[in-house]
Amino acid sequence: MNKYEKGALGAVALMLLAAGAIFFFAPTDALQGPVQRIFYLHVSSAIAAYGCFAVVLLGGAIYLRNESLAADRLARAGAVVGLVFTTVCLVMGMLWAKPIWGTFWTWDARLTSTLVLWIIYAGYLLVRRLAEPGRQAARFAAVVGIFGFVDVPVVHFSVTWWRTVHPGPIIVNDALPPEMLATFFFTMACTLVLAAVMIAIRYRLEMLADGPVTAAAIHAQVVSAPREPEPVP
Amino acid sequence: MSNTIAVALAVARKDLRAEWRTRELVPALAQFVVLALVIANFGFQIDSRNAPMIAPGVLWMALVFAGLVAFGRTFAAEREQASLEAMLMTPASPVAIFAGKALAATLLLVGCEAVLLPALTLFFGTPLSVPIIAAVLLATIGMAALGCLFAAMVARVRARELLLPLLTLPLWIPFIVAGGQAVQVAMGASGTYDQALALLIDFDILFVVLTSLAARFVLDE
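Those protein sequence lines, which keep their order, are chains Z and V. Reminder that position 147 of the first sequence reads as 151 in my numbering, one-by-one numbering, no gaps. Reminder that position 86 of the second sequence reads as 846 in my numbering, one-by-one numbering, no gaps.
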């Protein structure tokens, strides 16, 4: 068993423990009933997603500075994992919203900006796929990653003047009983460990996919490669 | 600095002259936006009562898609003739070249707006006032900066027609939100116009600065 398999096993075990805490330790919400238990993983995966996209931003910025292949791989790994957690967050939020708000979706500031986040990083992965692999893909994706990260708070801010129905920040407001708070922080920690392990495994995959190349080799290949001829219409 | 501005103006002049000689893009865009209004009329069953409610939305939809076509075309011509590489080989800085292309694209889109806004007034009966023009022009600046950056990027990528809207539209949302709010208020809805306009200016500054920083990495590739 190598260290990646050990890490994956550990992360899954932690998530099972978190599930135990969510279902057996945390008390049932007086108003919302069992549906409220979605909250723990929903908010945790949102935080994990933001963390992953911060990794994309950081990796992209470092790549633009010094063309470090490792930074680019880290950004690639962060984008894929972040997209997974954003999907989890959106789907669980919708499942919660149906019984509580009576609808799966509403154009609330937070929902809108999360959906935009999802679309931007789906576009990021598309750029990676469509651009010429190597320097071009890495540079273009870094730019998309940086703009995406800037755009999300801007979208959030620009739609906040609309009426918002999303529950406010209850954690900082000290509105949760201690058992719920403990469950939340435990779930969040487990989710962040899971995200870190997923990024590490994805990083390893990207490294294997890249093959034994150095940044200098990729650079030389791009600089000397002939231009792809334009298809004749 | 003055050299950068001179290069940008020269590139913009070149693009505008090319457009003036062929007269391809602006007439096509003008026809496109009028067509968009016709389609909206059938889609929404416009009459005199619901027109002020729907007109702002139609305005932004038409503008967004006309913008995508316009910005896509700015770099398409350069790509077809491989003239961007020639420009990049000159001592001119990539940022100046990008600024010139963005400036020209902005002016071409403004030309298209000069058809869109009167046509909207004509067909939908909405007012054509200074607040509406100001909001549309302010949104155009930021949209052009972002649109040109990603147009420059997708010009070198496969499936470029597909990728440009996917990358650009999410980043345009802040402009459409603020601009949409401003135009709705200017057309009679309740809300604050000044706040929306201030936001548009903030977004313009933010994205013009960001795109000018990023242009080097996109063009110099």
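No lab work stands behind these hints, which were simulated from the structure alone. Some hints could be false.
Pair by pair, the computed Cβ-Cβ distance ranges are [unchecked claim]:
(1) Arg839/V / Asn6/Z: 18 to 28 Å
(2) Ile765/V / Pro216/Z: 19 to 29 Å
(3) Pro812/V / Arg208/Z: 31 to 41 Å
(4) Gln955/V / Lys7/Z: 45 to 55 Å
(5) Ile51/Z / Ile765/V: 25 to 35 Å
(6) Arg69/Z / Pro887/V: 46 to 56 Å
(7) Phe802/V / Pro182/Z: 34 to 44 Å
(8) Phe825/V / Arg208/Z: 56 to 66 Å
(9) Leu119/Z / Leu848/V: 56 to 66 Å
(10) Val890/V / Ala126/Z: 36 to 46 Å
(11) Phe802/V / Ala193/Z: 54 to 64 Å
(12) Leu848/V / Arg69/Z: 55 to 65 Å
(13) Val39/Z / Pro887/V: 22 to 32 Å
All residues carry an ideal CB built from backbone N, CA and C; glycine is no exception.
Cross-check of the supplied hints:
no. : hint                            : result
1   : Arg839/V / Asn6/Z: 18 to 28 Å   : 46 Å, violated
2   : Ile765/V / Pro216/Z: 19 to 29 Å : 47 Å, violated
3   : Pro812/V / Arg208/Z: 31 to 41 Å : 58 Å, violated
4   : Gln955/V / Lys7/Z: 45 to 55 Å   : 53 Å, holds
5   : Ile51/Z / Ile765/V: 25 to 35 Å  : 45 Å, violated
6   : Arg69/Z / Pro887/V: 46 to 56 Å  : 50 Å, holds
7   : Phe802/V / Pro182/Z: 34 to 44 Å : 60 Å, violated
8   : Phe825/V / Arg208/Z: 56 to 66 Å : 42 Å, violated
9   : Leu119/Z / Leu848/V: 56 to 66 Å : 37 Å, violated
10  : Val890/V / Ala126/Z: 36 to 46 Å : 39 Å, holds
11  : Phe802/V / Ala193/Z: 54 to 64 Å : 55 Å, holds
12  : Leu848/V / Arg69/Z: 55 to 65 Å  : 21 Å, violated
13  : Val39/Z / Pro887/V: 22 to 32 Å  : 48 Å, violated
Violated hints, listed in ascending order, are 1, 2, 3, 5, 7, 8, 9, 12, 13; each of the other numbered hints is respected by the structure.
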